[in-house]
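*Asks:* These are the residues of each chain, in order.
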Amino acid sequence: MSVTIEIPTAFRKFTDGTPKYSCSATTVAEALNVLTERFPGLGKHVRDDQGQIRQFLNVYLNEEDIRFLGGEGCSLKDGDRVLLVPSIAGGSRE
Amino acid sequence: MSESYQLRCRECGRLWGNTPKSFCEECFSPLEVAYDYDAVKRIARKEDLASRSFNMWRYSELLPLPEGFVAPNSVGGTPLVHARHLGKKWGLQNLYVKNDAVCYPSLSFKDRVVATALTAAHRFEFKTVGCSSTGNLANAVAAQSAQQGFEACVFIPADLEPAKVLNTAVYGTRIVRINGNYDHVNRLCAQIADRFHWGLVNVNLRPYYAEGSKTHGYEIAEQLGWTLPDNVVVPMAGGSLITKIAKAFRELILLGWVKEKPVKFFGAQATGCSPISDGVKRNLARFEPQRPETIARSLAIGNPADGPYAIKEIRDSRGWAEDVSDREIVQAIQLLAESEGIFAETAGGVTVGVAQKLIGGGRIGAKETTVVCVTGNGLKTTDAITAEYPSAEAIAPRLDAFEAYLDAQLAASAGVARI
Numbered sequence: 002m003s004v005t006i007e008i009p010t011a012f013r014k015f016t017d018g019t020p021k022y023s024c025s026a027t028t029v030a031e032a033l034n035v036l037t038e039r040f041p042g043l044g045k046h047v048r049d050d051q052g053q054i055r056q057f058l059n060v061y062l063n064e065e066d067i068r069f070l071g072g073e074g075c076s077l078k079d080g081d082r083v084l085l086v087p088s089i090a091g092g093s094r095e
Numbered sequence: 006m007s008e009s010y011q012l013r014c015r016e017c018g019r020l021w022g023n024t025p026k027s028f029c030e031e032c033f034s035p036l037e038v039a040y041d042y043d044a045v046k047r048i049a050r051k052e053d054l055a056s057r058s059f060n061m062w063r064y065s066e067l068l069p070l071p072e073g074f075v076a077p078n079s080v081g082g083t084p085l086v087h088a089r090h091l092g093k094k095w096g097l098q099n100l101y102v103k104n105d106a107v108c109y110p111s112l113s114f115k116d117r118v119v120a121t122a123l124t125a126a127h128r129f130e131f132k133t134v135g136c137s138s139t140g141n142l143a144n145a146v147a148a149q150s151a152q153q154g155f156e157a158c159v160f161i162p163a164d165l166e167p168a169k170v171l172n173t174a175v176y177g178t179r180i181v182r183i184n185g186n187y188d189h190v191n192r193l194c195a196q197i198a199d200r201f202h203w204g205l206v207n208v209n210l211r212p213y214y215a216e217g218s219k220t221h222g223y224e225i226a227e228q229l230g231w232t233l234p235d236n237v238v239v240p241m242a243g244g245s246l247i248t249k250i251a252k253a254f255r256e257l258i259l260l261g262w263v264k265e266k267p268v269k270f271f272g273a274q275a276t277g278c279s280p281i282s283d284g285v286k287r288n289l290a291r292f293e294p295q296r297p298e299t300i301a302r303s304l305a306i307g308n309p310a311d312g313p314y315a316i317k318e319i320r321d322s323r324g325w326a327e328d329v330s331d332r333e334i335v336q337a338i339q340l341l342a343e344s345e346g347i348f349a350e351t352a353g354g355v356t357v358g359v360a361q362k363l364i365g366g367g368r369i370g371a372k373e374t375t376v377v378c379v380t381g382n383g384l385k386t387t388d389a390i391t392a393e394y395p396s397a398e399a400i401a402p403r404l405d406a407f408e409a410y411l412d413a414q415l416a417a418s419a420g421v422a423r424i
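So the sequence lines, in the order shown, correspond to chains A and B. Okay, so the first sequence: first residue is 2 according to the working numbering, each after it adds one. Okay, so the second sequence: first residue is 6 according to the working numbering, each after it adds one.
Bound-form chain A, shown alone (with noise of 0.2 angstroms):
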């Protein structure tokens, strides 16, 4: 089944300036998986080194938050919406 990831701004340096990618993926993880395969550049910036999506990266699964849909394995339909978002945090330890 087809489904689009949505890709900021920040990002679109690893993929070649594309805006939204399709592709054909049965859950999250695939997608995800198939977006880095397809732009190797934003493996690391999805997935940190034990292989989780980084703290700092929020992905939704149309409106949600995949962290309420049981997290990446949630499974997608066809013409569903993947949003890759960076979260906006402040920061401050020196």
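Hints are not guaranteed to be accurate.
Stated by the list, open to error - Which residues of chain B face chain A? A partial, calculated answer using Cβ under 8 angstroms:
no. : residue
1   : GLU30
2   : HIS189
3   : ARG192
4   : GLN196
5   : PRO294
Note that these hints are calculated values from the structure, not bench results. Backbone N, C-alpha and C define an ideal beta-carbon position, used for all residues, glycine too.
Keeping the supplied structure of chain A fixed, place chain B upon it in accordance with the hints.
*Replies:* Then chain B, alone, in the frame of chain A:
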């Protein structure tokens, strides 16, 4: 670098100069304002403060302000109240309330962060500013945008308290109500900042915005006679304030303005939205986001942006986090008002309720100096406590009617003495 500050990636350390950006475009981690403290030390002198007004701008060398900056208003400088009555009830000798419920101009600590954010907005030549908000921030953006001539557009969850919506609308600000909770609003604003050339104070101006919170901490230290407290109890929504008070204290130590001492940081949340306190109490490596369900809507952020840093700050300081129910929040608002004459919003009820719990649990000692941070005004959240105060029946304007009224009261409670 001619200025003493610039943006730095919190994780990879890359420097970005000064620019309206909140995350590192190399590793997508958050940016913060980093200072050249040697340069700050050369220009910041404690004795200079004596001749300055008591507001947040007195600490200007410690804030990200451009050269030639002129203070546009008188934000901050709020009272630190020695809460003797409440302290007595709790068995504490040195209890203080930092009262940002009376912060100028919009009656919450958000006036501080908007003040530094709008300074950055001027610098980056934004014409339109805005924010995602649970209410207080929208009030502050609206009021200060009106003062400084910005166009303002704020985004709020559709179910916000009417008083908070009114306190934004009155300044002529465009309000966009979103069908969703704050986390939905915040995500939309991240996308808007990506698309439009707007200065969203808590999105693309967030590093500058967050620095304004430090002044809450500087004032606490100065008002305690340039000493640090033993404990600080701080409300947590996005989790930024607690980290910035800690940063403020570290900076004052670095400058030699206060003596170094361990300060425990205690975070306060409502049980109905407690991802950070839950993360602390369960010792989680990462907090788990929640769907907010609480009357403390100014703290109702289920996916707190600074949550990881707040948790680290609390752990490193050997503090703790707690949360309280909606019922406890209302009782704490009443307790603070009746004990100290301070009418706090629901978030203040959270902080006071949590402080009471921490004291009861032995985490805060009787002789220690403890500061409870009240960050917003009760007039904004009256709907949360209206039911506690049903209107009394009116009486005739005659002395005998008043005497009858007193007798009835006496009979009902035995608490009202007939004079």
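*Asks:* Enumerate the violated hints, using their earlier numbering and listing them in ascending order.
*Replies:* Structure breaks no hint.
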